[in-house]
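*Asks:* If you're matching them up, the sequences are chains L and X in order. In terms of the working numbering, the first sequence has 246 at position 246, counting the first letter as 1, and numbering is strictly consecutive. Here the working numbering runs 476 ahead of the position in the second sequence, where the first position is 1.
No wet-lab data here; the hints were simulated from the structure. Among the hints, erroneous ones may be present.
[As the list claims (entries may be wrong)] Listed next, the in silico DSBU-like pairs over lysine-lysine satisfying Cα-Cα at most 35 Å (straight line):
| hint | chain 1 | residue 1 | chain 2 | residue 2 |
| --- | --- | --- | --- | --- |
| 1 | L | Lys284 | X | Lys558 |
| 2 | L | Lys94 | X | Lys499 |
| 3 | L | Lys286 | L | Lys342 |
| 4 | L | Lys94 | X | Lys501 |
| 5 | L | Lys38 | X | Lys558 |
| 6 | L | Lys62 | L | Lys94 |
| 7 | X | Lys495 | L | Lys40 |
| 8 | L | Lys85 | X | Lys539 |
| 9 | X | Lys485 | L | Lys342 |
[Stated by the list, open to error] Which stretches of chain L does chain X cover? Using the computed rule of at least three CB atoms under 8 Å from a CB of chain X, they are:
| hint | region |
| --- | --- |
| 10 | 323 to 333 |
| 11 | 343 to 350 |
| 12 | 376 to 389 |
This one's a predicted model, so the numbers in the text were calculated from it and none came from an experiment. Using N, Cα and C, we set each Cβ at its ideal position, and we do this for glycine too.
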Amino acid sequence: MKIDLNTLTIQKAHEHLVKKDFSAVELAEAYLSEISKKNKDMNAYLEVYDDVKMQAEEADKKIASGKPTVLTGIPIALKDNILRKGNIASCASKILANYHATYDSTAVAKLKEQGVVFLGRTNMDEFAMGSSTQNSAYGVTKNPHDTSRVPGGSSGGAAASVAMNGALASLGTDTGGSVRQPASFCGLVGLKPTYGSISRHGIIAMGSSLDQIGPLTKTVTDNEILWKILQGKDRYDGTAIDENTYPKLPLKGKKKPIIGIPYSFMDQGIDKEVMKNFEESVKKLKSLGYEIEDISLPNIGYSLAVYYVLMPAEVSSNLARFDGVKYGLHAEGKNLIEDYLKTRAQGFGPETRRRVILGTYVLSAGYADAYYNKANQVKALLQSDFEKAYKKVDLVLTPTTPTPAFKIGEKTDDPVQMYLADIFTVTANIVGGPALSVPSGTSLVEGKKLPLGIQFTAPNGREDLLFSVGKEFLGE
Amino acid sequence: MISTQDIEKLAELARIELKEEEKVKLAKEIDGILGYIDQIKTAGSKDIARAKEPVRNIFREDKNPHESGTHTDALVAEFPRKEGNYLKVKKIL
Numbered sequence: 001m002k003i004d005l006n007t008l009t010i011q012k013a014h015e016h017l018v019k020k021d022f023s024a025v026e027l028a029e030a031y032l033s034e035i036s037k038k039n040k041d042m043n044a045y046l047e048v049y050d051d052v053k054m055q056a057e058e059a060d061k062k063i064a065s066g067k068p069t070v071l072t073g074i075p076i077a078l079k080d081n082i083l084r085k086g087n088i089a090s091c092a093s094k095i096l097a098n099y100h101a102t103y104d105s106t107a108v109a110k111l112k113e114q115g116v117v118f119l120g121r122t123n124m125d126e127f128a129m130g131s132s133t134q135n136s137a138y139g140v141t142k143n144p145h146d147t148s149r150v151p152g153g154s155s156g157g158a159a160a161s162v163a164m165n166g167a168l169a170s171l172g173t174d175t176g177g178s179v180r181q182p183a184s185f186c187g188l189v190g191l192k193p194t195y196g197s198i199s200r201h202g203i204i205a206m207g208s209s210l211d212q213i214g215p216l217t218k219t220v221t222d223n224e225i226l227w228k229i230l231q232g233k234d235r236y237d238g239t240a241i242d243e244n245t246y247p248k249l250p251l252k253g254k255k256k257p258i259i260g261i262p263y264s265f266m267d268q269g270i271d272k273e274v275m276k277n278f279e280e281s282v283k284k285l286k287s288l289g290y291e292i293e294d295i296s297l298p299n300i301g302y303s304l305a306v307y308y309v310l311m312p313a314e315v316s317s318n319l320a321r322f323d324g325v326k327y328g329l330h331a332e333g334k335n336l337i338e339d340y341l342k343t344r345a346q347g348f349g350p351e352t353r354r355r356v357i358l359g360t361y362v363l364s365a366g367y368a369d370a371y372y373n374k375a376n377q378v379k380a381l382l383q384s385d386f387e388k389a390y391k392k393v394d395l396v397l398t399p400t401t402p403t404p405a406f407k408i409g410e411k412t413d414d415p416v417q418m419y420l421a422d423i424f425t426v427t428a429n430i431v432g433g434p435a436l437s438v439p440s441g442t443s444l445v446e447g448k449k450l451p452l453g454i455q456f457t458a459p460n461g462r463e464d465l466l467f468s469v470g471k472e473f474l475g476e
Numbered sequence: 477m478i479s480t481q482d483i484e485k486l487a488e489l490a491r492i493e494l495k496e497e498e499k500v501k502l503a504k505e506i507d508g509i510l511g512y513i514d515q516i517k518t519a520g521s522k523d524i525a526r527a528k529e530p531v532r533n534i535f536r537e538d539k540n541p542h543e544s545g546t547h548t549d550a551l552v553a554e555f556p557r558k559e560g561n562y563l564k565v566k567k568i569l
């Protein structure tokens, strides 16, 4: 049968594969053909793996043997900071341009077991630092909904690959919104799981206390399928948790979860169309029987400031390992110190340099108390704000982003303006709980329909609540 | 205000060589970012405890190593400079 990539989901593809309507090889070839048509313009993929057909043949064998899982033969794209043994993982940086992963990340190992077909590695902001993919050393990725605009970031290539029908789903990483914001800009579902839910073993670290892998998919059901396989404890990640780590508190709502909205945090800086769409989404949730409550999160206004202390601090220490000695780029100097200085100057792009320097500043003697230690205190305040809110409500709702996708080239000369794109998403990474962005419609801008998204946040370990409200909202 | 000398010192600590014009640009940008993040100084009181993370060490005991040579080829292949199976570095002292 003819494969209709537009309407295909993981669930549907699985059914077709099992019924032998098409083979895993045919499915992979359908995606490869779309990629070869579109990628030159979109720049979603940095590399298409050379063993795609071989992986698909293996998947077909698994299907023929009668032992497929729902993910067997499903074509998936990886963000360029997730290790797959033998393949390059460059973080879209020149410093790792020729670095070949020497082991599989836990996420990849788990998907391999399922017989997933990995299509390739996708573009991103260098070292996951950015909200637009414009910080890649390999050129910007375009938004398939309007090619004059960014796909969001940092997992912009991962989002664009799915939105352009170049993959059925993808894995990104989310340190301050890097899965949810591009999902919102590209009309997809994006999850930032509870901190520790998916092992970070084998992803290239940015901010270790904030980083999480998250799936980008066309439906909430697909997202749940991937999360269920990926989550769980891992002997290689001391922060990894399982579904029972956090107790599941009883629902506050009688029939359905109560949704809290921090309206006082949303009175400025939000695009009119985004706000209108948000109100329509709230109306829809009410008509589905959800109770809505205005809640107060007194310290939420500090979230982005806290993030821009903790994240660069962790960046500056995590990126110290890229010194040109054991792997990656090596630039020659007169002595070892000069080797370091030159390697890192040539290897890191401007945003990475900026954040390493900023992180070095907030950790330096005399400033660590005012910045790093203070930010950790405010983090505790934020966690306590949410704990209090979750005594009254079950979920927190905001728009995912204050604006729809912006133009390529916009905001590039003002870092603070760029950072504000993450104003609604960073809080979940600081507090730790899971957050899900779901498509909520479009905004017509200059004749193009630009996707918008809303974001649900839940207490630690309550991905189940996010999936159930998300499915109901999208009518799945 | 962050001066270009401050940026120079930070870049030295961070082991990144910077061009003069980038030092000036970074001083301005980092000033702007600090202007934004300075608001955390007005949050809460001084006495709040830091957030605690329930994390423990899961390193294995330092015994029963994997068979010598299992990962050698893959790791050595990534060395930027080598001599045989040795990683080559400049002298330190």
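*Asks:* Decide, hint by hint, whether the structure agrees.
*Replies:* Structure-based check of all given hints:
1. A C-alpha spacing of about 63 Å is found between Lys284 of chain L and Lys558 of chain X, which places the hinted pair above 35 Å, so the restraint is violated.
2. At roughly 21 Å between alpha-carbon atoms, Lys94 of chain L and Lys499 of chain X fall within 35 Å of each other, so this suggested pair holds.
3. With a C-alpha separation of about 58 Å, the suggested pair Lys286 of chain L and Lys342 of chain L falls outside the 35 Å cut-off, and the hint is violated.
4. With a CA separation close to 22 Å, the supplied pair Lys94 of chain L and Lys501 of chain X stays within the 35 Å bound.
5. Of the supplied pair hints, the one linking Lys38 of chain L and Lys558 of chain X is violated, its CA atoms being roughly 41 Å apart against a limit of 35 Å.
6. For the hint pairing Lys62 of chain L with Lys94 of chain L, the CA-to-CA distance comes to about 38 Å; that exceeds 35 Å, so the pair is violated.
7. A C-alpha spacing of about 34 Å is found between Lys495 of chain X and Lys40 of chain L, which places the hinted pair at or below 35 Å, so the restraint holds.
8. A C-alpha spacing of about 26 Å is found between Lys85 of chain L and Lys539 of chain X, which places the hinted pair at or below 35 Å, so the restraint holds.
9. Taking the CA atoms of Lys485 of chain X and Lys342 of chain L, the gap is near 16 Å; set against the 35 Å cutoff, the hint holds.
10. Check result for the region 323 to 333 of chain L against chain X: holds, 8 residues qualifying (beta carbon to beta carbon below 8 Å, three or more required).
11. Counting residues of the region 343 to 350 of chain L whose CB lies closer than 8 Å to any CB of chain X gives 4, which reaches the minimum of 3, so the coverage claim holds.
12. Against chain X, the region 376 to 389 of chain L contributes 7 residues with a C-beta closer than 8 Å to a partner C-beta. That satisfies the three-residue criterion, and the hint holds.
Consistency with the previously given hints fails for numbers 1, 3, 5, 6, ordered from lowest to highest.
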